[in-house]
Structures are given as structure tokens and as C-alpha cells.
Amino acid sequence: METIKLFKNIPKENEQDVLRSLNARQITFTKDMTILSNLSNTNEVGMIISGSASLIRIDYNGNRSIVADLKKSDLFGGCFSDYMNEEMSVIATSDCDVLFVEYDRLLGKNGKRTKYHEILIENMIEIMMQKINAYNRRIEVLNKRTIRDKLLEYFHILEKEQSSNRIVLPFTYTLLADFLSVDRSAMMREIKNLKDERIIEANGKTVTLIYR
Numbered sequence: 259m260e261t262i263k264l265f266k267n268i269p270k271e272n273e274q275d276v277l278r279s280l281n282a283r284q285i286t287f288t289k290d291m292t293i294l295s296n297l298s299n300t301n302e303v304g305m306i307i308s309g310s311a312s313l314i315r316i317d318y319n320g321n322r323s324i325v326a327d328l329k330k331s332d333l334f335g336g337c338f339s340d341y342m343n344e345e346m347s348v349i350a351t352s353d354c355d356v357l358f359v360e361y362d363r364l365l366g367k368n369g370k371r372t373k374y375h376e377i378l379i380e381n382m383i384e385i386m387m388q389k390i391n392a393y394n395r396r397i398e399v400l401n402k403r404t405i406r407d408k409l410l411e412y413f414h415i416l417e418k419e420q421s422s423n424r425i426v427l428p429f430t431y432t433l434l435a436d437f438l439s440v441d442r443s444a445m446m447r448e449i450k451n452l453k454d455e456r457i458i459e460a461n462g463k464t465v466t467l468i469y470r
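If you number the sequence shown the way our numbering does, the last residue is 470 and the count never jumps.
Please note: incorrect hints may appear among the correct ones.
Claimed, not checked - DEER-style ranges, computed between Cβ atoms: (1) Glu384 - Ser352: 18 to 26 Å; (2) Ser422 - Asn319: 16 to 24 Å; (3) Lys266 - Asn319: 21 to 29 Å; (4) Arg406 - Asp362: 44 to 52 Å; (5) Thr372 - Asp407: 42 to 50 Å; (6) Lys329 - Arg283: 17 to 25 Å.
To be verified - The list that follows gives simulated cross-link-like pairs (lysine-lysine, DSS-like), each with its CA atoms no further than 27 Å apart: (7) Lys402 - Lys418; (8) Lys373 - Lys418; (9) Lys453 - Lys389; (10) Lys389 - Lys450; (11) Lys453 - Lys463; (12) Lys389 - Lys263; (13) Lys450 - Lys266; (14) Lys289 - Lys329; (15) Lys389 - Lys367; (16) Lys463 - Lys330; (17) Lys373 - Lys463; (18) Lys266 - Lys463; (19) Lys418 - Lys270; (20) Lys270 - Lys402; (21) Lys330 - Lys453; (22) Lys450 - Lys330; (23) Lys453 - Lys402; (24) Lys266 - Lys402; (25) Lys450 - Lys463.
It is worth saying that the hints were derived from the structure and are not from the lab.
Yeah, the Cβ is synthetic: ideal placement off N, Cα and C, and Gly gets one too.
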């Protein structure tokens, strides 16, 4: 199996034994498929092995917003947050492979702990801390007052993550608008303004930051 962070420091030759102890199953999803809905009703933890997905919330008015962008090694499941409820779902934003494991078995609650369970738990905590940092960065973006400031703040975050002023957006412009909680048409007008002012160049999902 392709290496994911949850299995860091676990020897390759022992991975299959660990997977069996977790009652793991791997499923392939195509783009736009629902990977998981009604998260609060699941005792499973999902892990992105390849591809990408989004954690999406739909409010009482039917408005959709992206809570998190999920990439390789990211975890999701109702056990991770008190805020996850029937309005939350995970949608594939590209073709992706997902590994599901039982949460109780991951913690060794079934009484069948292996010598690798402590490593699994340490790895899970590390992954979740990284995701908390990502949530905090998103809050910084959403706290910006204007669409322009939200866009530039998010572009600068991606610039740091990708170590280049030429960045690739992790999702479509429609999903970007959902992620920023802004109107797509207004966002596209602002992107055009940024291009006209030579602050950015944009070609599809590739954005180059010219002036900062």
C-alpha cells in the first residue's frame, strides 16, 4: 500500500497485519462521488490514500461551504469533532482511494492491541495537529473583510505550502468560492481585477503571484 502518514514508523512487512487488526477496507471513488455523509453516525475513520476530497457543510438554507480540503494522509470521521453532524459530508474532488478503519480498533478498545497501536495513535495525533493548523489558517483567510484580501491571503498560504510563487489551486474556482464563503461571480470579477492590475497571473488552476 502507498505510504500514508498514519503508518509512519511501521515496517512495511507488518502493514498487512496492522490493517487486518483495524478491520480496514479500501474503496475507490470517482470525482464528485459522496465518500461519506451523516458523519456523526459512523465509527469509522477515513484516510485519503491518493487524490483529494472536501469536507462540506450545508446550512439550513441549503448554502454549501467547504470546511476543509482533504489531501493524501488526511483523516476524517465523526469521531474527530463535536461539530460534525448530518449536515456534513465528504465529497471526492478528484478520483481518489480511501482507506476506512474502525475507530475503536484504532485505539485498541477491542482488546486486541498490537505493539504498533501506540505508534498509530501518535501518528494520528500528529496528523490532527497539522489539520488544526490548517483550520487556523483558513480562519485567518475568512477573517479578511474583502474578497480581494481573502484571495490574496489564501494565495500566500499556498505560496508557502508549495514553496513557489507559481501555485496550483487544489480545487476548481466554484469550490474555491465555497471555501472562501463568497459569491463565485464576485470572486471571478476580483480575480480579473487582480490580473488587470498585474498583481497575479492566472491560467486555469495555476496562479502566479507577481506583486506582494
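Do the alpha carbons of Lys450 and Lys463 lie within 27 Å of each other, as the hint requires?
holds, 14 Å
Keeping to a limit of 27 Å between CA atoms, is the pair of Lys373 and Lys418 held or broken?
violated, 37 Å
Is the hinted range of 21 to 29 Å satisfied by the C-beta distance from Lys266 to Asn319?
Given range 21 to 29 Å: violated, Cβ gap about 42 Å.
Assess, step by step, whether the Cα of Lys389 is no farther than 27 Å from the Cα of Lys263, and give holds or violated.
holds, 13 Å
Check the following: the C-beta atoms of Arg406 and Asp362 are separated by a distance inside 44 to 52 Å.
holds, 47 Å
Between the alpha carbons of Lys389 and Lys367, is the straight-line distance 27 Å or under?
Satisfied, since the Cα-Cα distance of roughly 24 Å is no more than 27 Å.
Would the hint linking Lys373 and Lys463 be met if the CA-CA limit is 27 Å?
violated, 44 Å
Hey, Lys289 versus Lys329, does the alpha-carbon distance stay inside 27 Å?
holds, 14 Å
So does Lys329 sit 17 to 25 Å from Arg283, Cβ to Cβ?
holds, 21 Å
Pair hint outcome, Lys453 versus Lys463 [Cα-Cα no greater than 27 Å]
Judged against 27 Å, a Cα distance of about 14 Å means the pair holds.
If you draw a straight line from the CA of Lys402 to the CA of Lys418, is it 27 Å or shorter?
holds, 18 Å
What's the verdict on Lys266 and Lys402, does the C-alpha distance respect the 27 Å limit or exceed it?
The given pair, whose Cα atoms are some 37 Å apart, is violated under the 27 Å limit.
When held up to the earlier numbered hints, the structure conflicts with 2, 3, 8, 9, 10, 13, 17, 18, 19, 20, 21, 22, 24 and fits the remainder.
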